[in-house]
Structures are given as structure tokens and as C-alpha cells.
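Reconstruct the complex from the two isolated chains, following the hints.
The lines below spell out each chain.
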Amino acid sequence: MQGVLDKSILLSVQELTVNFRAEAIVARALEGVSYEVRQGETVCLVGESGCGKTVSALAILGLIPQPPGEIPGGRILFMGQNILELSEEELQNLRGNHIAMVFQEPMTSLNPVFTVGEQIGEAITAHQKVEGDELRERCIRLLKDVGIPSPAERLKDYPHQLSGGQRQRVMIAMALACSPQLVIADEPTTALDVTIQKQILDLFKTLKSKKGMSLLYITHDLNVVANIADRVYVMYAGIITEQGKKRDIFQNPCHPYTRGLIASLPARSKRGEALHSIPGTVPDPAYKPRGCPFHPRCTYAVKKCSEEFPEMLDCGDGHLSRCPVVLSSERKTNTIRTHEGPHYSDL
Amino acid sequence: MTTNNIMLRSTGLKKYFPVRRGFLQRVVGWIKAVDGVDFDIEQAKTLGLVGESGCGKSTVGRLILKLLEPDEGKIIYKSKDITHLSQNELTPFRKEMQIIFQDPFGSLNPRMTAGQSVEEGLRAVGMKGRRERKERVRELLQMVGIPASAADRFPHEFSGGQRQRIGIARALSVEPSLIVCDEPVSALDVSIQAQIINLLKELQARLGLGYLFISHDLNVVGYMSDMVAVMYLGHIMEYAPTDELFDHPLHPYTFALLSAVPAANGTPLKQGLELRGEVPSAFNPPPGCKFQARCPLAEDRCRRTEIPFYEINQNHLVRCWKVV
Ligand SMILES: Nc1ncnc2c1ncn2[C@@H]1O[C@H](COP(=O)(O)OP(=O)(O)O)[C@@H](O)[C@H]1O
Ligand SMILES: Nc1ncnc2c1ncn2[C@@H]1O[C@H](COP(=O)(O)OP(=O)(O)O)[C@@H](O)[C@H]1O
Ligand code: SF4
Ligand SMILES: [Mg+2]
Ligand SMILES: [Mg+2]
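Heads up: the protein sequence lines correspond to chains R and B, in order. FYI, the numbering for the first sequence is 2 to 348, going by our numbering. FYI, the numbering for the second sequence is 3 to 326, going by our numbering.
With the rest of the complex left out, here is chain B (with noise of 0.2 Å):
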């Protein structure tokens, strides 16, 4: 992998959810949500983040802007390792990172004003002044496309995208270099999905900053992303730039992926594997691939050992002994 420019790095990152049951509320087993995760985001550039529900995508997200312990792996952010900092020592690194989620109804307090809300960031960065601050919040309001005249209205005032432009805004306020982008335009129809999918990219351009974009549609993630990580069941299968993963992936569950997405012209992305069965459950998984279940290549071996990321060239990834 290239180093230079390495905005954040995570290396073999892992967070189990333990699952209780009983009277006594035992521990009778894991749900191994993110289980030995490694990639970088550089700056200005995307890494996306791709995968079916469940596949442990968000809990990656809320792992890197440690608003979740990881239970093993390592978190460097500019060449610090942030993995055990205090919540004091975070201080300075929740600035520089920030999120926005799907739901920005969920995210944004129903009874703060949109000015309000971008506002609060500002307080939070120490912007004393208040006629400072108001200016600030124009201006930010402006970058994304509200009207500094709405900065007066409730979230339920607001249409779906511009409350997501609202929650940009707010994630913005405390000037962040990074931030996760966690299924931000999912919600949104068709003409606002690309408003907010073209913001994004301007903001990134205008602000250096590096985006985690976490999605489950590969038309998003191919269009947003220089670097794609593929993932199932806590796992990523498969890491490579967006046109080396479109044009030749190499793992089945990249190419099964890439089968089953509709694109305009009615033809999938790729065609030949048909993926049978759902995704099984995170909890207690079996030895050996993640993806053995589903997989028409599976072996023997595949249901025996662990199997490791093979990297087919610099920048190429794979977690399948059977393509490389």
C-alpha cells in the first residue's frame, strides 16, 4: 500500500458484541461485527465501503471516530496512534473527525433551529464570539446550499435533502479533515440524491477532506470512491481502486456483488455468478471463510483455516486462496 499522504489507518481491527441470553443473562456467544479489519483513507481521496446489511459497515465507521471501543486492531490518525486515547486526549481528534448519517431527521435535535444546530459545533471548537459565530454560520449554511434566511427553521421544516444538507453543514463546523459518511444519500430520491452526491464531491475538493463513504450500492460507491473495500461478515474480501475492483474483481463475492446490481442499460455490472442464499448471521460464525456458505468455488480447505488478505499487486487485495 502507498504511505504517503495516509490520512487514517486501521490495522486488524476487531469489535465483538457479546449476545446474553437467559434469566441470568450469560454470555452464550459473539457477534464478531468487525473481525480483523485493515485499510487507509488518504486525504481528499474516498475510500467506500461496501456490503450487504449487517456486513458490519457502520460498526467500522463508529470504530474509526472512536465512538465505539475496538476490542483489538489499531486506529492511527496521522501518524498518532489514537486507539487508547482518554476521552480527554480525544479531545482534539473529535474536531478533526466528524459523521453524517442516513437519517438526518434521527441526527438532527427537532427543536433546534438548523442555524442552531451548526451553531452548536462552533461553541463546541470554542468560537467565542457570537456575531462571529452567526457569520460563520451563514457562511457554512451558504457552502451547502441552504438559504441563510432558513437558518431560523426546525428540522421538520425541511425537506429530506436539505436536512442532510444541514447535517453537512454541522459535521463541517469544526473544519474536520475526515469524515465517515455513513449511508448519507440511501434516504433520498433520485434528482436530490445527486445534488448531495455532487456537494459532497465539491466540499472535497474545496476542503482536502477524506471520506469513509459507507454504502450498500455499488453505482454510489463506484462513483464516489478511489478506493473500494468490499466487505461480508466482518471481513473485507476484497480492497482495490474503483476501476481495477469494477473491471476486474476477484473475488466471488465482489463479482457476485457486482452481478446482482441493476445498472441503467438493464445489463448487471458484471455477469456469471448468481449469488444463492442470504447472508448468514455475525454470531458464532464458522472456522475458515466468512463467504464459504454462499460460495460456488468453496473447498475443503476454504471450511478449515483461516484465509488471508493475498495482495495481488500494490494496491490489490483479495481474502480468497482459490483466485489468486
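Excised from the complex, chain R in its bound form (with noise of 0.2 Å):
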């Protein structure tokens, strides 16, 4: 593996596979997903649902259960220091301390029956000696750092009392109590409107560049990722398939499954012509077809693809992509196709 000694590398996530079991039945939610995320670096991970993102979020925390959960094979490195092998209690100290997650849906990971106040407080006070007005300054700062306003009234409000943007906004702050290195975002805007998530969107752009965190963003919309990304990782049914910059992603999809999403997405310049549309559904985890696990939906697939599980391919300058039909077609003659029209060209 490159870049185990590269300083830069805050987490390198190695050949992790997650298995969860019921009875006979083994749900291969992971098989041997490796990613990086880079000090000061906003890393997306997108795909549809059931593909392991969240899977993957919640490795890095030690919060897979197990049982049912079972972690066979795979490294954590974050900071050189495999998570894997962490102690409960060093893993308490890893998370809020070093790294904080924020989650999709913030109105059950707040506690409705205390104050905004008393659950910021305790997000900072579970790693740090603070107390009295230092402690209520210090949450006042939070809160404004994430746009609250009249930061001192919110205090004292119940998480329903605030509306669905200001909880998330409230969630942020409790992850940047401690300062994280990074914080790993799951949907943080999946169940906010447009304008909404502009805000939080640019809000997690501006504390990033103030604080120099990095940021793992878990999403299924590509036009979010295309919003905020640095580099991306396409995943499906439970393996990376793609990976780049976001450039590469967009502008030079080399995977048939990332060149079907891109093509799949509505916009109002595509009206009057039949949107491209991936047949067929994601596979059930317990039941994934053998080789390549997209082929069935797949319109390049050739024979080999149900017989041989595809590695993954260099596209050049860190773009990755585990279709080898794509790249002996394409690359030979050096003509891997660029998505054409406007649409794309201005990245």
C-alpha cells in the first residue's frame, strides 16, 4: 500500500470487509473497501442506497455491532493507529476527541428532554475540563461558529423546538466541540430543502477552510458531491468501483455504473429526451452475483464479467476504476470518452 508513511494521510481505510450475519446467511456489506482521506481534504463517498456507505462511516468509530456485525479482514489506519485494535475505551477517546460524525437525521442523535445548552456542554466537557462561564462562552461560540442566531437564546431552547436546518446546524457544533481532525458526515442534508442545505453545505465548506478539519461527506446525490467534493469514491453493492478527483468523476467517468448515475440525473436541459436509466435494482448483499457485481445492470458487460471479479485499474494521476471492458476498449486508443455539453465542461 502507498502513502502508509505519508504524513498527510489522516485516514487510510485498507481492504476493510463487513459481514453481517443472520443464522446461515452472511450479508456482504463490505468486501475489501480501501479509501484516504488527507489532512484538510473533503472526500465523498457516493452511491445508492444499501452500497455501505454508512457501513463504512461507522467502522472508522468502532461502531459496528458485532453480532451481528464481523470485521474478517481489513485496517483503520488513522494517524498510523489501526482502529481496529483499539481498546473501548481508546475508542471513546478517538471519537469527539479526534474524530465526530454527524448524522442524517439529527432529531435522533439530539436527546429531546435536554437543552441545546446542557448537550453542547456535554460534548465539550466529555473530553475537557471546562465549567461555569467558560463552559456557557464557550458553547455561545460554538453555536455562532455554526451560524445559530441569537446564540445565547438558543441555549436554552429543546431540540423541537428548533426547525430541521438549525438542529443539524446544532449537531455540527457538538461534532467541532472538541476540535476534531475529522468529521465524517453522513446525508447531513438528505432530509433538508434546497435552501437549507446551501447553507449547511456552505457552512461545512467555510469551518473547514477556518479549521483546517477534513471532512469524509457520505451522500447518494452526485449534485452534492459535485458541490463540495475534493475526491470521490463511487461505491457499489459494497466495493469502491470508482475513485478520483471530482474532475475526473464528472468530467471523465471511466466506470459504466458512475457514467449511468451521471447520465441518470435529471435537469431540465435533458427535457424532451428519455432520461438514461440503469436497469434492474441494487443487489441484495446476501446475494451478490458473482464477478463483477454490477454486470447484470451493466450495458458494456462482456462475458468475463460474471466469471472474474475486476481489480482496480489506473486511469491515470490517482483516477481508479475497476472495469477492465471500459479501459481495453477505450484507453488503447487513447479515446476514453469525455461526457460531452456544457453540462459538465466547467468544472
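These are calculated hints, taken from the structure and not from any lab test. Incorrect hints may appear among the rest.
Said to hold, decoys possible - Think about it this way: if two alpha-carbon atoms lie no more than 30 Å apart in a straight line, the pair counts; the simulated DSS-like pairs of lysine-lysine are: (1) B:K47 x B:K16; (2) R:K209 x R:K246; (3) R:K206 x R:K145; (4) R:K271 x B:K203; (5) B:K47 x R:K271; (6) B:K203 x B:K68.
Stated by the list, open to error - Residues of chain B placed beyond 12 Å of chain R at every Cβ, according to the derived structure: (7) Q45; (8) E54; (9) L70; (10) K76; (11) H86; (12) F95; (13) D105; (14) P112; (15) G162; (16) Q195; (17) V230; (18) G279.
Since we're looking at a predicted model, the values are computed, not measured. Using N, Cα and C, we set each Cβ at its ideal position, and we do this for glycine too.
If you want it as C-alpha cells, here you go:
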């Protein structure tokens, strides 16, 4: 593995495999997933539901329930330490102090019977000795940082008194409480209106540049990826199918699944023509097809695709794709297709 | 507005919900969910209704289907005023207008097979022969891309996209001419969303259906619609043909929405207008423009007087005096 000694790499997930077992049935949620997050970088994991995005985030925090979960293989190196070998106590120190997480639905992660002030205060004091006025000041500053108006008054509010967007801001404030190096955000704007989503995405960008933290941003929404990512990992059925800089992924996608996803996006500019659609559905992780798990839905598939599990192939400059068919047919002549149209050209 | 081919026209439609408080459950105010709404839906065309959550989109849908009684205004269906028809008088119109929802799971009976759900509609339109019904169920399922062999399966045995297809087949069973699509693809993954969108378009072309297409997603609305109505707190703020609305938005709210929508090239559909704050409650709104609290252009007049719907040209209306 290249890069283990690279200081700029904050998080390195290597060949991570996660199964969920129910009696004799084994759901292979992740199969050899590898990805990296460098200092100060925003990395997006994108894919449709059930492809393993949340499981890969929970694994980083040591939050996979075992059983039914099991982690038969892989390493998760955070600042050089393998998270999978840490004790529960060490994990607790890691969560909050170094890595924090923001979830999709803040209502379920905020405690309804404690005030905003109590919960942010608790996030701070869990790891640091601060009290009294100083604690209150810290709470107010955090709320201000995440753009909550009249923060001093909001301290007394209960979660249900806030709007969805404000609750998500409170969650972000709690995540920032101990200045973590890495924030993991799992679909943090999926339940919000577009205008509020825009505000939250802008907030993440500002906080990231101000605090120099790294962001692992999980979403199913390619439009959000295009807005926020530096680098992108596309997931399908528990594997990484393509990875690269945002530009590579949108302008020069080399995996049929990525191409299909981009072509499926509705947009006013496509009105009047049928949308491209990927036939079929995402497979159940307990019954994945042999070979390339995407082959039953793939318009490029050849016989080999149903027989051999494809390797990650180099498309140059950190851009990798797990599809030998596209690469051998289009690379030979150096003609990897670029997506046409103004829609993708000005990234 | 054009008058030919109008299937459904709504004029001045209003629906207020009472807010009750205290021991005696006194009415302390009103949620002005729909506060005077005008639009037309043309034959075989789609009117997109877009706006943030809580702005009244679903209520409009339920009003035109007469699932809710409007407080004021008129619903004209194929030149007939159906606003005050009795349940009995409505029966023929019920078959003409159908609805499909965001969550087909919630709207399909879990104890009925896919076939039974679709067949129920056929019984409702009085198709008597059992053989004939079964044949029609096969046809309908096939039309929406569900293999006839799956007719005996229950909703939980299908994926989200397939359940949406069954919901569509059920709506089609009574041969409607207008369908209210209330966020029909919002809960689906992109690849499945594209399948359902294509299906809706195909069916529209084949059967000449009119759609009221409700969505909070401007990318989807822009793809689906011929006309777009942008809604905010019970009012339509702007109403225009799709391209006109996207290329020449006039209302500051439309502009702000377009600025907030990320597109697949990373740049928003429009740039320049940032929306601060969140949608205020529809409970006892202040007089004047509904958008005043968030509007960067707001002036005194916006807070004093009701803002009329200005007709910019034949097909483009906007509810803002500053931009006309
Ligand atoms: N606690 C669990 N028990 C059993 N299966 C699980 C559990 N958590 C996740 N899975 C399975 O793992 C797969 C990946 O899930 P997830 O990571 O949540 O997908 P995503 O976040 O991409 O939608 C799914 O098939 C899901 O059903
Ligand atoms: N049956 C009802 N009783 C009281 N208030 C309602 C009812 N239905 C909707 N509302 C309110 O009316 C407003 C508009 O709701 P809705 O039409 O569902 O908006 P949208 O579909 O745009 O999200 C909201 O404030 C909502 O809370
Ligand atoms: S009428 Fe006034 S408040 Fe309303 S949109 Fe126009 S400028 Fe803004
Ligand atoms: Mg998830
Ligand atoms: Mg609604």
C-alpha cells in the first residue's frame, strides 16, 4: 500500500471487509473497501442506498455492532494507528476528540429532554475540563460558528423547538466541540430543503477552511458531490467501483456505473429526451452476483464480467476504475470518452 | 393565459387550517396553507409545482382532487365547476383524477397483492367480468413494467421503485385523464428515479395524461414540466413556461431557489441571490408579501399591501412589484 508513511494521510481504510450474519445467511456489506482522507481534504463517498456507505463510516468509529456484524479483514489506520485494534476506552477518546460524526436525522441523535446548551456543554466536558461561565462562552461561540442567530437564547431551547436546519447546525456544533481532525457527515442534508442544504454545505466549507479539518462526506446525491468534494469514491454493492478527483469523476468517468448515474440525473437541459436509466436494482448483499457485481445491470458487460471479480485499474493521476472493459476498449486508442455538453464541461 | 386544451383550472383557491389551543380548544389563529392560488393544467401537459416543504404543495394537490374542501375559490374541470359538488355528483370525476404519492408503501394495502390493489380500481369503475378484470390487471402491470407473474406478490416483496410502479398501475386502472404526482420520485435512488420518470413521461405521451407534478427538486421539475409554478407560503410567486422560468426568473424567491440548487457541474443553476434564514410559519402571517422576511429586496410597501400577480406577458406571471 502506497502512502502508509505519507504524513498528509489522516485516515487510511485498507481492504476493509464487513459481514452481517443472520443464521446461515451472510450479507457482505463491505468487500475489500479501501479509501483515504488526507489533511484538509473533503472526500465524498457516493452511491445508492444499501451500497455500504454508512457501514464504512460506522466502522471508522468502532460502531459496528458485533454480532451480527463481523470484520474478518482489513485495517483502518487513523494517524497511523489501527482503529480495529483499539480498546473501547481508546475508541471513546478517539470519538469526539479526534473524529466526530454528523448524522442524517439530528432529531434521533439529539436527546429530546436536554436543552441545546446542556448537550453542547456535555460534548465539550466529556473530553475537557471546562465549567461555569467559560463553558457557557464556549457553547455560545460554537453556536455562533455554525451560524445560529441569537446563540445565547438558543442555549435554553429544546431540540423540538428548533427547525430541521437549526438542529443540524447544533449537531455540527457538537461535532466541532473538541476540534476534531476528521468530521464524518452521513447524509447530513438529505432531509433538508435545498435552500437550507445550500446553507449547510456552505457552512461545512467555511468551517473546513477556518479550522483546517478534514471532511468525509457521505451522500447518495451526485449534485451535492459536485458541490463539495475534492476527491470522490463511488461505491456499489459493498465495493469501491471508481475513485478520483471530482473533475475525473464528472468529466471523465471510466466506470459504467458512474457513467450511468451521471446520465440518469434529471435536468432541465435534458427535457424532451428520455433519461438514461440503469436497468434493474442494487443487489441484496447476501446474494451478490458473481464476478463484477454490476454486470447484470451493465450495458458494457462481456462474458468475462460474470466470471472474474475485476481489479482496480489505473486511469492515471490517482483516477482508478474497476472496469477492464471500458479501459481496454477506450484506453488502447487513448479515447476515453469525455462526457459532452456544457453541463459537465466547466468544473 | 391560453384557453384551449385546459383540463383543469384553479382560481383563487384557498385553504386555511385552524390552530386550536388550550383546554377549550379555541381557535387561536389560522395556518394559511393555500392562500389564493391560480393555475391551469393543460391536456397531456405537466404543470410543475415546486417550493420548500410546508409551502402548501400537497394541500393544493388534495384540493383539486376534492379530498379537501376549499374555503374559497373555484376548481373547473373540463369546463365544469366541480368546487361544490356532492360526493355523489363527484363520482364520475373521481375516476378522471388520480394521485400517486412519494411513499407507495404507505398507500398500498399491505394485505393485498399487487394484482388485487390494481383490480380494486377496476371494480370501482364497474368492470364486472372477473376474467376481463384479470386480463386488464395483466395489461396494466405490464404497462408499468411489472411482470404479470408478480401479480400475486405482496407490497413488501417489491423494491421501492417497483412499489411506485404498482401505485402508478393502480392510478391508471380507472383510466384517469389527470394525475396528481405528489413527490413520486423523492424517496428513490437516482437510477430508479430515472426509470420512474421515464415511465411517467411515456405514459403521458401514450395516454394523453395531464400531470400536476409536485416536487421540491428543481432539477426534476425542470425535466418533467411544461409550465412551472413556484410556491411559497400558500402563494404562487411565479408562474411561467419551464425554459422561461429557468432562463429569466423574475421573482427573488425563484432566483434564490435556482441559486441553491446544485447541478451536476457543481455550479448552481443561477448565481447571485443567497437566501438567509428559513421558511417562517404559515401561522398568522403578517400582511403584505409572504416572502418579505427573507427577501433581500424588501421595502416598506412589501410589508404593507397585498402584492398582486402581475402578468409580464401572456404566460409569465410574477407576484412582486419590484421586478415588474
Ligand atoms: N446492523 C446491521 N445488521 C444487518 N445488516 C446491516 C446492518 N447495518 C447495515 N446492514 C446492511 O449492510 C448493507 C449496507 O448498508 P449501509 O451501509 O447502511 O448502506 P448505505 O449507507 O450505503 O445506504 C445493507 O444491505 C444493510 O442492510
Ligand atoms: N390537515 C392539516 N391540518 C392542519 N395543518 C395542515 C394540514 N395539512 C397541512 N397543514 C399545514 O399546511 C401547510 C402546508 O402543508 P403541505 O401542503 O403539506 O405543504 P408541502 O406539501 O408543500 O410540504 C403546513 O404548514 C402544514 O403544516
Ligand atoms: S414584493 Fe417585496 S418582499 Fe415580496 S418579493 Fe418583491 S421585493 Fe421581495
Ligand atoms: Mg446510509
Ligand atoms: Mg407535501
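Hints, verified against the model:
In summary, the hint linking K47 (chain B) to K16 (chain B) is supported, as the alpha carbons are separated by about 24 Å, within the 30 Å threshold. With a CA separation close to 18 Å, the supplied pair K209 (chain R) and K246 (chain R) stays within the 30 Å bound. Under the criterion of a C-alpha separation no larger than 30 Å, the hint pairing K206 (chain R) with K145 (chain R) is consistent with the structure, at around 16 Å. Between K271 (chain R) and K203 (chain B) the alpha-carbon distance is near 13 Å, which keeps this suggested pair within the 30 Å criterion.
Restraint check: the Cα-Cα separation between K47 (chain B) and K271 (chain R) comes to about 17 Å, which is no more than 30 Å; the hinted pair holds. As the CA atoms of K203 (chain B) and K68 (chain B) are separated by approximately 25 Å, the hinted pair is consistent with the 30 Å bound. Remark: the non-interface label on Q45 (chain B) is consistent with the geometry, its nearest Cβ contact in chain R lying 18 Å away (cut-off 12 Å). Its closest Cβ contact with chain R, about 4 Å, brings E54 (chain B) to no more than 12 Å, contrary to its assignment away from the interface.
Listed as outside the interface, L70 (chain B) is consistent with that label: its C-beta sits roughly 23 Å from the nearest C-beta of chain R, beyond the 12 Å cut-off. Every CB of chain R is more than 12 Å from the CB of K76 (chain B) (nearest about 30 Å), matching its label as outside the interface. At the 12 Å boundary, the C-beta of H86 (chain B) stays outside the reach of chain R, the nearest C-beta of that chain being 35 Å off. Against the 12 Å criterion, F95 (chain B) stays outside the reach of chain R, whose nearest CB is about 30 Å from its own CB.
Listed as outside the interface, D105 (chain B) is consistent with that label: its C-beta sits roughly 14 Å from the nearest C-beta of chain R, beyond the 12 Å cut-off. Against the 12 Å criterion, P112 (chain B) stays outside the reach of chain R, whose nearest CB is about 20 Å from its own CB. The non-interface label for G162 (chain B) is inconsistent with chain R: the shortest C-beta to C-beta separation is roughly 9 Å, within 12 Å. For Q195 (chain B), the non-interface assignment is contradicted: its Cβ lies about 7 Å from the closest Cβ of chain R, within the 12 Å cut-off.
Non-interface call for V230 (chain B) relative to chain R: violated, since the shortest CB-CB distance, roughly 10 Å, does not exceed 12 Å. Consistency note on G279 (chain B): stated as away from chain R, yet its beta-carbon is not over 12 Å from all of that chain's, at 8 Å minimum.
In this structure, the hints that do not hold are numbers 8, 15, 16, 17 and 18, in rising order.
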